[in-house]
Structure formats: C-alpha cells, structure tokens
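There are 2 protein chains.
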Amino acid sequence: MDEFTAMSRVRNARSARLATADADGVPHVVPIVFAVADMHTLVAAIDHKPKTTYNLKRLRNIVVRPEVSILVDHYEDDWSRLWWVRLDGTARVEADDQLRKQHLGPLIAKYRQYLERPPRGPVIIVEIKTVRSWNADEAL
Amino acid sequence: MDEFTAMSRVRNARSARLATADADGVPHVVPIVFAVADMHTLVAAIDHKPKTTYNLKRLRNIVVRPEVSILVDHYEDDWSRLWWVRLDGTARVEADDQLRKQHLGPLIAKYRQYLERPPRGPVIIVEIKTVRSWNADEAL
Numbered sequence: 000m001d002e003f004t005a006m007s008r009v010r011n012a013r014s015a016r017l018a019t020a021d022a023d024g025v026p027h028v029v030p031i032v033f034a035v036a037d038m039h040t041l042v043a044a045i046d047h048k049p050k051t052t053y054n055l056k057r058l059r060n061i062v063v064r065p066e067v068s069i070l071v072d073h074y075e076d077d078w079s080r081l082w083w084v085r086l087d088g089t090a091r092v093e094a095d096d097q098l099r100k101q102h103l104g105p106l107i108a109k110y111r112q113y114l115e116r117p118p119r120g121p122v123i124i125v126e127i128k129t130v131r132s133w134n135a136d137e138a139l
Numbered sequence: 000m001d002e003f004t005a006m007s008r009v010r011n012a013r014s015a016r017l018a019t020a021d022a023d024g025v026p027h028v029v030p031i032v033f034a035v036a037d038m039h040t041l042v043a044a045i046d047h048k049p050k051t052t053y054n055l056k057r058l059r060n061i062v063v064r065p066e067v068s069i070l071v072d073h074y075e076d077d078w079s080r081l082w083w084v085r086l087d088g089t090a091r092v093e094a095d096d097q098l099r100k101q102h103l104g105p106l107i108a109k110y111r112q113y114l115e116r117p118p119r120g121p122v123i124i125v126e127i128k129t130v131r132s133w134n135a136d137e138a139l
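In the order they appear, the protein sequences are chains A and B. Sequential numbering of the first sequence, starting at 0, is according to numbering that gives the first Met the number 0. Sequential numbering of the second sequence, starting at 0, is according to numbering that gives the first Met the number 0.
Hints in this document: simulated from the structure, not taken from any laboratory. Even for Gly, the Cβ is constructed at its ideal location relative to N, Cα and C. Take these hints with a grain of salt, some might be off.
Once the Cα atoms are required to be at most 20 Å apart in a straight line, the calculated SDA-like pairs of lysine to any residue come out as [said to hold, decoys possible]:
no.	chain 1	residue 1	chain 2	residue 2
1	A	Lys100	A	His47
2	B	Lys109	A	His73
3	A	Lys56	B	Arg131
4	B	Lys128	B	Thr40
5	A	Lys56	B	Lys109
Some, not all, of what chain A presents toward chain B, calculated at C-beta under 7 Å [to be verified]:
no.	residue
6	Ser14
7	Ala18
8	Gly24
9	Pro26
10	Arg64
11	Asp72
12	Trp78
13	Ser79
Given only the sequences and the hints, what does the whole structure look like? Please build it.
As structure tokens, then:
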C-alpha cells in the first residue's frame, strides 16, 4: 500500500485509536473520531468542555509527552483482507476557545453530529511524521 | 457497564488494539487478535516466527517496558451506540517453543485460522490489572 492509498484509507475511516504515554512512559489508548486536515495533520476534539482544561488522561499525556501513535485498522474473519495504517507523530492540545475553533472545520465537514453540535472541548492537533501500513494481500 | 459485561464484550471481540511504549516512552499501537484466557489474562501471538526472537517493535517494547494498554471499541455513526473497554496491565513475552505452546489453547479455540495453522511466533501474555469501560448510552 503506498502512502497516498494509506492516507486515503485513513481519511475514509470513521474512527481510529489514539495511543499516548504518560510521564512514566505508561501507554494509554482511547478511541477517537478524527479528521485529516491536510496530508500531514490530523485533528480530533473533546466533545465536552472538561471541568478543568486537562481533565482527561489523553490530554495530560500529550502535554508531558507529545509523541502519539494512531491506528486505523480493518478486521474481518477472512484474514486475507486485513489491513492497517499507523500514523506516528507529535500532538499538541489547543484549549484556547478562539484558536481551537480554527481547527474544527474538517471535523464538522466529516461528522454530521459535529455539524449539529460542534465539539466544545480542547482540540488535539497531530503532526504526522510517519505513515506505516500493512495489507494482508500484499504480505502473502 | 459492569466489569463482567465489559469482559464479556472483550471476549466476544474479534480484534483489539495493543499499545506499548519503547524505552524512551514513545507509544506504539498495533492491531491484535487475542483471546481471554481467564478473568485476568489475555493472550495474543505472533503468527510467524520472527527472524530473530524480538524482531518486532511490540515485543521489544514489552521487554523493556511491560506496561500495556489494550482497547476493544465499537463504532457506528449512531453515536448513542458507541462503547469501549480498555484493559491496562503488564505483559510478558514467551518465546520458548515448549512454554509458548501452553498458552495457545484459547487462541486456537477462538480462531479457526489458528486451528488450521497454529501461530508459530512468540506469545504475548497480558496480566490485566484494570478494566475501564464506557458506554454512550449510560453516559447520556
């Protein structure tokens, strides 16, 4: 799978999984909805304004350790049809209300739910450094 | 969702995502097929014998940093039906050919592919320390 195909599959995916690690290096993985803003940027948002700005482990982790790993994968019982794409990069959290709104466009364009009720919490902006992919068909 | 329900959903899931971190604390996430061996143990295997025992980043990561985070999640466009279960714990790698075979039973029972062709690589054995879950229905 070339990088263009891989990123196309990522764009079309409805959800992904975001792995971060805390200050001690302990990994943490959560599901995300997300949008690809351009070839090298992915955005995800917190739907609801947290009680305090960084009151979610994924956000606290990114603040202390910006490296993230994001997976889009496809499973079915016919293992010849498995594939995955992993994006590794660095993330930052935009919590300022005016600035975070500048990043919501691709999310609102992708998800009707966000069009009807835009996310109100911080936005995670990921700079994609590497794209790795695997396709069972090609591996056989 | 109580822990019994959460673990039941995990058992029934056909795939999950395994997050590890390397010596520098950089996270890494891969898809896995897996089986729950008992209430507190999850197993996953490498299908093919790697060229060298730890010739896969997930294995090298576990050796230097045993903490892992595993996610089973359900996505659909009706967001009131989203749910996820996250298992956090510690992992070890069993590469010894006789010892690793002792852990294959639950994997072979769950996946026909493994019945026909048992995995030949190292087995990852995860001791589950905490089970966290979220159900959109309950959160609303």
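Here is how each hint holds up against the structure:
no., hint, verdict
1, Lys100(A) <-> His47(A), "holds (14 Å)"
2, Lys109(B) <-> His73(A), "holds (19 Å)"
3, Lys56(A) <-> Arg131(B), "holds (13 Å)"
4, Lys128(B) <-> Thr40(B), "holds (9 Å)"
5, Lys56(A) <-> Lys109(B), "violated (33 Å)"
6, Ser14, "holds (4 Å)"
7, Ala18, "holds (4 Å)"
8, Gly24, "holds (3 Å)"
9, Pro26, "holds (4 Å)"
10, Arg64, "holds (6 Å)"
11, Asp72, "holds (4 Å)"
12, Trp78, "holds (6 Å)"
13, Ser79, "violated (10 Å)"
Comparing the model with each earlier hint shows violations of hints 5, 13; every other hint is respected.
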